[in-house]
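Participant: Sequence:
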Amino acid sequence: MRARGLFAALCFVACCTGCGDGDSGGDDAGSPPAPGDVTFLWTFSDGYVCESPDERIRGMRLDIVGEPALDELPCNDAGTRGALVRDLVPGTYPFTVRAIDHDGVVVYEASSTFFVDGDTTVDVALDPL
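Here the sequence shown is numbered in the numbering used here, starting from 20 and rising by one per residue.
Please keep in mind that the hints were generated in silico from the structure rather than gathered at the bench.
Predicted, not measured: the structure shown is a model, and the values here were computed from it.
We put the beta carbon where it would ideally sit given N, CA and C, even for glycine.
Heads up, some of the hints might be wrong.
To be verified - Distance ranges between label pairs, derived from CB positions:
(1) G66 - D122: 20 to 26 angstroms
(2) P109 - Y67: 32 to 38 angstroms
(3) R105 - E74: 28 to 34 angstroms
(4) G123 - P51: 41 to 47 angstroms
(5) S130 - T99: 19 to 25 angstroms
(6) T140 - G85: 15 to 21 angstroms
(7) R75 - G49: 47 to 53 angstroms
(8) P147 - D106: 30 to 36 angstroms
(9) A144 - P51: 21 to 27 angstroms
(10) R75 - D106: 30 to 36 angstroms
(11) G66 - G137: 30 to 36 angstroms
(12) P87 - L148: 21 to 27 angstroms
Working from the sequences, and respecting the hints, build out all of it.
Facilitator: Here it is in structure tokens:
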């Protein structure tokens, strides 16, 4: 009799492996997380505004862990201070954005993380170094 009870309990546990609240990180309908494009929009914490062409900042560098670095991005691209990264797989990504002057010196920097589950926008305020 005990063996039968133990067998029933093991079957129940085996059937419920993976049971939980149903949250897989996707939307409320339980769909899996989706890949997406990430738009980075940067500002400067000291109020600096880069213009195009910029006299102080030569370019921007965006490092996303697990992705190739994006070097020499314009600080201001046709009125937009930011960058677009296309088609990232779902997940959490640490990143660093750096503003580099004409001598190759990093003059502003910011680091944080973002999560991809469809298209997203990341607002970044860079601090002077």
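Participant: Look at each hint and say if it fits the structure.
Facilitator: Verification of the hints:
no., hint, result
1, G66 - D122: 20 to 26 angstroms, "holds (22 angstroms)"
2, P109 - Y67: 32 to 38 angstroms, "holds (34 angstroms)"
3, R105 - E74: 28 to 34 angstroms, "holds (30 angstroms)"
4, G123 - P51: 41 to 47 angstroms, "holds (43 angstroms)"
5, S130 - T99: 19 to 25 angstroms, "holds (22 angstroms)"
6, T140 - G85: 15 to 21 angstroms, "holds (20 angstroms)"
7, R75 - G49: 47 to 53 angstroms, "holds (49 angstroms)"
8, P147 - D106: 30 to 36 angstroms, "holds (33 angstroms)"
9, A144 - P51: 21 to 27 angstroms, "violated (32 angstroms)"
10, R75 - D106: 30 to 36 angstroms, "holds (32 angstroms)"
11, G66 - G137: 30 to 36 angstroms, "holds (32 angstroms)"
12, P87 - L148: 21 to 27 angstroms, "holds (24 angstroms)"
Going down the numbered hints, you'll see the structure goes against just number 9.
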